[in-house]
Amino acid sequence: MNLLDRTVEFTAALRRAGVPVSSAETVDAARAIGALGWANRDAVRASFAATLCKRPVYRPAFDTLFDLYFPPRIGDGVSLDDLADDPSATGDGASADGEPDPGDLTPEELEALRQALRDQLLDALRDGDDEALRQLARQAVSAFGSARGSAGRSWFLYRVLRAMSAETLISDLLSALLGDSERGGLAERAARQTITDRIREFEELVGAEVRRRMAEERGIEAVERSAVKPLSDQVEFLRASQRDLVELRRQVYPLARRLATRLTARRRLGRTGRLDFRRTVRASLATGGVPVDTKHRPHKPHKPELVVLCDVSGSVSSFAHFTLMLTHALREQFAKVRAFAFIDTTDEVTRYLRGLDLGDMMARISGEADLVWFDGHSDYGHAIEVFAEKYPEAVGPKTSLLILGDARNNYRPTSAAVFRRLCAQARHSYWLNPEPRSYWGSGDSATDVYAELVDEMVECRNIDQLQVFIERLLPS
Amino acid sequence: MSLQEHAFADVADVRERLRATGYLADEAIATTVFLADRLRKPLLVEGPAGVGKTELAKALATSVGAELIRLQCYEGLDEARALYEWNYKKQLLRIQSGSGDGGAEGWQQAHDDIFSEEFLLSRPLLTAIRREEPTVLLIDETDKADVEVEGLLLEVLSDFQVTIPELGTITATRRPFVILTSNATRELSEALKRRCLYLNLDYPSAEREKEIVLSRVPDLPEKHAESLVRIVRALRAMELKKAPSIAETIDWAQTVLALGFDTFDEAAVASTLGVVLKHASDQARAIGHLKLTAN
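Sequences listed follow chains A and B, in order.
Each residue of the first sequence is one higher than the last, beginning at 1 in the numbering used here.
Each residue of the second sequence is one higher than the last, beginning at 1 in the numbering used here.
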């Protein structure tokens, strides 16, 4: 297969991963390579990125696929220089075995190898030497990553990370970076960040290396599906890992700003209001008293009052957290935002939204608010009753009522009658459900009961869907 | 369109010449700039505020000895401000001063006169297209402009020509090097992105940032620069409303230098934190996280 075919396949893989690549852009990529040549892999990566990958969200998928389709080496990755040094190594490509097969080593030898690699890793992490880190990732994967199974060799990220256990080097690294005098102070807390960054970089290199070896063993297509993570606006709230959640929270403010800009733009483009007589006459003076341009008062935008009632029990709290942060960040678009949280009973949490530190909001809500009445399992029925009883004034004719939750009610009563009354009082009522639509109504899900009562139950599994919903909620 | 020779010989040349103007480009930046030069495509630079997007355009203009023409985008920017406009006041004067002669011929004359070069106000886009010397056209903060402006840019950037009904079509004799910047407050249209090369500028690596700080604030001791950059990176890793930019790191370095701190400790950081963090909540968070009030 030549490199041009490879490039075309690569663009096809990008499209499969959800990165839109037009054929004009593919041509640009080819022209870019024409100008730069294939010699330098980093330059190839940069020129593909410049021509094919035009949103930062696409970048992780792009990098993963680039490493799969244009691997820096094959097999154990013995370059020609190494071969010259080591006449015993034979073969080429995938069959090359530069280092002894780990299966042949005794446990003692393996332990010695592990120790040696860890020492090198310490040096590389201390100096921030990317080339050495890459080298080490490769050696570590060759030494500890593989296992022979019935279906041929497999490669495991976890084994390598456990063998190298880079986290246990942190304390040594801190000493090496700072010298003993500065330990414990501000310098240490700052240096800690630098070190965790480098360790994460090493882990990513190992991950890329493992994927590369897997791809050689199983073929690119097989690895591609599991290797490429979904784009960050497609990550499902309920399945998000801790790291994903941090990434999601980071996006709250940019997202709110983008939404707000788009909404103001739409409002400005919309119909203008009544004629502003004074300004029209004023403007007509410039044209000798003829009112060429009429001036209008701007429309007063309708700002809904928002009441958010959210389930913060373990299973859906990350979704509730994100949505609360987003509605709070958009509070200027609403006349009023009130938030209530519940697990099996309800409490108002608006005061926590005003706090300085939104990052800790959820911890404070679950720590301080009065949310548990009986056993700490979701009880929508009781929560709704308490809400209607304790805050009868919360839902009025101007209110948009927003309920966040998966409606998994542990087979308890639903208080449908009370809920019907609440929905009737509100101007609009929406239920955002982070579960996929196909799961609704299965098991202990009371979706069927509630879906009939609210104006609409909306599937809201990722940022993309949430964004679409909020834009709809805020009228232009 | 005439084909002038390329501005750069290779990627290393780009780096060298940018470095000479004081802009430290990494591999990706240099490669992308080189490609933009070779493929003659506009370059769209996107990234958070203060990572040196505008600076790149300026450095580029200096390094190739071109003049920088800047179109600053804002809400409500229109064709008359971006492309060209007839100077109607002057036209009015011309008509009034000529009306004494009277007659059809006078009118014909006036009509031909008032739609000539003399009465044309050239705005940045037209200026850049008409220039015969090397030009770098910087379209700054493209995301701030309205969507209609993007349509206008599409037309100008794909053909590098402008049609003025009264004068005819003006085609670029020498293509300007076009750089668009965006803070990503909104997504630019797919059509515009497709016509551009894309460069995502993010916060630099620790080494590069240290180098940048040292090149901008040469009097700062290297040890201070290193701990400064480390703290800034620790700040960026927190969930802040506005992460500190490179520009703010440089400001901070200058502050530290001006105040003459010997050691860069808790007290020094806490007293100058306002230089890098500009939200009260961000400061509170940083103070809590870095335990700045401990001693």
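Hint data in this document are derived by calculation from the structure and do not stem from the laboratory.
Each hint should be verified, as a subset may be incorrect.
To be verified - Cross-link-like lysine-lysine pairs, in silico, DSS-like; alpha carbons within 25 Å at most:
#1 B:144 to B:278
#2 B:144 to B:223
#3 B:58 to B:89
#4 B:278 to A:295
#5 B:144 to A:300
#6 B:241 to A:336
As the list claims (entries may be wrong) - Derived DEER-like restraints, expressed as beta-carbon distance ranges:
#7 B:107 to A:264: 30 to 40 Å
#8 B:107 to A:260: 51 to 61 Å
#9 B:19 to A:260: 51 to 61 Å
#10 B:49 to A:364: 23 to 33 Å
#11 B:155 to A:452: 44 to 54 Å
#12 B:155 to A:287: 28 to 38 Å
#13 A:279 to B:267: 30 to 40 Å
#14 B:258 to A:74: 50 to 60 Å
#15 B:254 to A:130: 28 to 38 Å
#16 B:148 to A:459: 26 to 36 Å
#17 A:242 to B:155: 44 to 54 Å
#18 B:254 to A:115: 43 to 53 Å
#19 B:254 to A:368: 36 to 46 Å
Glycine is no exception: its CB is placed at the ideal position from the N, C-alpha and C atoms.
Are any of the numbered hints broken by this structure? If so, which, sorted upward? 2, 3, 4, 7, 9 and 13
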